[in-house]
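Novice: Read top to bottom, the protein sequences are chains A and B. Per the numbering used here, numbering through the first sequence is continuous, rising by one, with the last residue being 120. Per the numbering used here, numbering through the second sequence is continuous, rising by one, with the last residue being 310.
Quick caveat, the hints were computed from the structure, so don't treat them as lab data. Be aware that a few hints might be false.
Unchecked claim - Calculated pairs, BS3-like style, for lysine-lysine (alpha carbon to alpha carbon, straight line, at most 25 Å):
{"no.": "1", "chain 1": "B", "residue 1": "Lys177", "chain 2": "B", "residue 2": "Lys259"}
{"no.": "2", "chain 1": "B", "residue 1": "Lys135", "chain 2": "A", "residue 2": "Lys72"}
{"no.": "3", "chain 1": "B", "residue 1": "Lys135", "chain 2": "A", "residue 2": "Lys34"}
{"no.": "4", "chain 1": "A", "residue 1": "Lys34", "chain 2": "B", "residue 2": "Lys153"}
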Amino acid sequence: MNLRDLLPQADDDRAFAEPWQAQAFALTLALHQKGLFSWSEWAESLSEELKQGGGAEDGSGYYECWLSALEKLLAAKSVATPGDVDALAAAWQRAAHATPHGKPILLENDPQHADWNRAP
Amino acid sequence: MAARVRALETILTQKGLIEPAAVDAIVDTYETKVGPRNGAKVVARAWCDPGYSDWLKQDATAAIASLGYTGRQGEHMQAVFNTEDAHNLVVCTLCSCYPWSVLGLPPVWYKAPAYRSRAVIDPRGVLEEFGVHLPAQTKIRVWDSTAELRYLVVPMRPTGTEDLSEEELAALVTRDSMIGTGLALEPYQP
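With the rest of the complex left out, here is chain B (with noise of 0.2 Å):
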């Protein structure tokens, strides 16, 4: 496989399609400056800011470049809030389109076929496998990513943490609970 992709890259770079250095820069980017706490931060600002949440939920991809991170991709971002009636879980069926810009590059098993299918056909038990225990009257919704269209959940903010400070929030949101397979963490939890 490494000389296959070594073989690609020479081709390409003596196409003039690519500079090596520029591929480099973008490796560096997704392995150390794009990551979920993109997504924690915007998350945090809509828990703290009405303002910024209808905004948010009305033209996400704007209300999340306006924080500086943009999709490279040209996907639009739609943003899905949880509330006590309705839980959003995100999935892509097809590959595995994700909010790079806003949640890094996607956890090993949202790119496994078992969760690409199960996802859809049974949200409930991928759910409880991942520890996530939802009263049965909470409907779930599963929101399928495309290409142009990703999705990012807002959790519901925890009890609890009227006090905190806006960076003390984003802590609080992991990685899963904006794919939805997870909950924001309670303020006590490690």
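Isolated chain A (complex conformation) (with noise of 0.2 Å):
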């Protein structure tokens, strides 16, 4: 890929594309500074997703990698298993449409809401 085709997108200054890239980002700060893994152990853990290949030529798959990096290091220091972060995102996608629009939406709206708690 040819370094040009970036460059128009190098005047966008805009740090994030998405919000949930943003957020992705906070947390991984403030769980560094929590003192809950290193700075070293972070760049380790996402250059071995970048590494991959999981970012696309342009750099836009790099928030992906970002957040993967993030849950299988929260998965290795056993703060979160994939199991817990795919069973509540899901819950967190039913509440969203379960939501009226314009609504905030609220992990309470999942139908399955009740469940979910109970669950372990």
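These two chains come separately, so use the hints to put the complex back together.
Specialist: Okay, structure coming up:
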């Protein structure tokens, strides 16, 4: 890929393309400040994801790799298993579908919320 | 993706590892308060004040912190000065370590595999694509950032700027000139 193809975007000074990227970024910084992992540990985890080719040539897959690196690090630290995250992500998605437009999306809006709450 | 991030946030909040308000504050800081203007002030100060410039050469972490810009990751900073003989270019081949405290968040191309690999293999070619044409005798030094050490390029002060104030000089220092993929602007340029 020619770098020139990327340059128009170089004028785009938005740090994040979508809000979730900013959230994932900030979660990582907050956890590092909390001392959950060192920055070297984080860089290693992120570079591992990027090396596996998850990042597109134009750098657009960068935050997907970021998120995946964070999930793996949290699993390694026994903070959240992939299963926990899958289940809760599905709950958030159901909640989003069940929430009328314009209302804040709350986890309680998930139709299966009661079940989820009882889960161990 | 958005649902997964929300899921993580929910778990981490429940476990008391994060506070949503603190996370929002970080987003706000990086979207609005931190950016390449910080680095530009460092460069302009170094252009105006030889004492500061020496300090920046010896101990960039402390010299930059003295202006109020400190890294959150405990990383060390090194300032690399461009001269007629040598031009400096910064890359992170591993991931995209970047001097956030002085430059904000990295641009898209800095995170792209194309830049991360080619900056090392063919720096002159990469610079040409960025519109930077260096004399053949100018050497190009490529600095590979790490989680512990990050680089700030101090571009050469443009000629004809002797009468400019530090503030006016800072306006000539672009983000790209501090990564090495650009030069400081000439004063007559917009």
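Novice: Each hint should be assessed against the structure and marked as holding or not.
Specialist: Quick rundown of the hints versus the structure:
no.: 1; hint: B:Lys177 / B:Lys259; result: holds, 19 Å
no.: 2; hint: B:Lys135 / A:Lys72; result: holds, 17 Å
no.: 3; hint: B:Lys135 / A:Lys34; result: holds, 12 Å
no.: 4; hint: A:Lys34 / B:Lys153; result: holds, 22 Å
Of the numbered hints given earlier, the model fails none.
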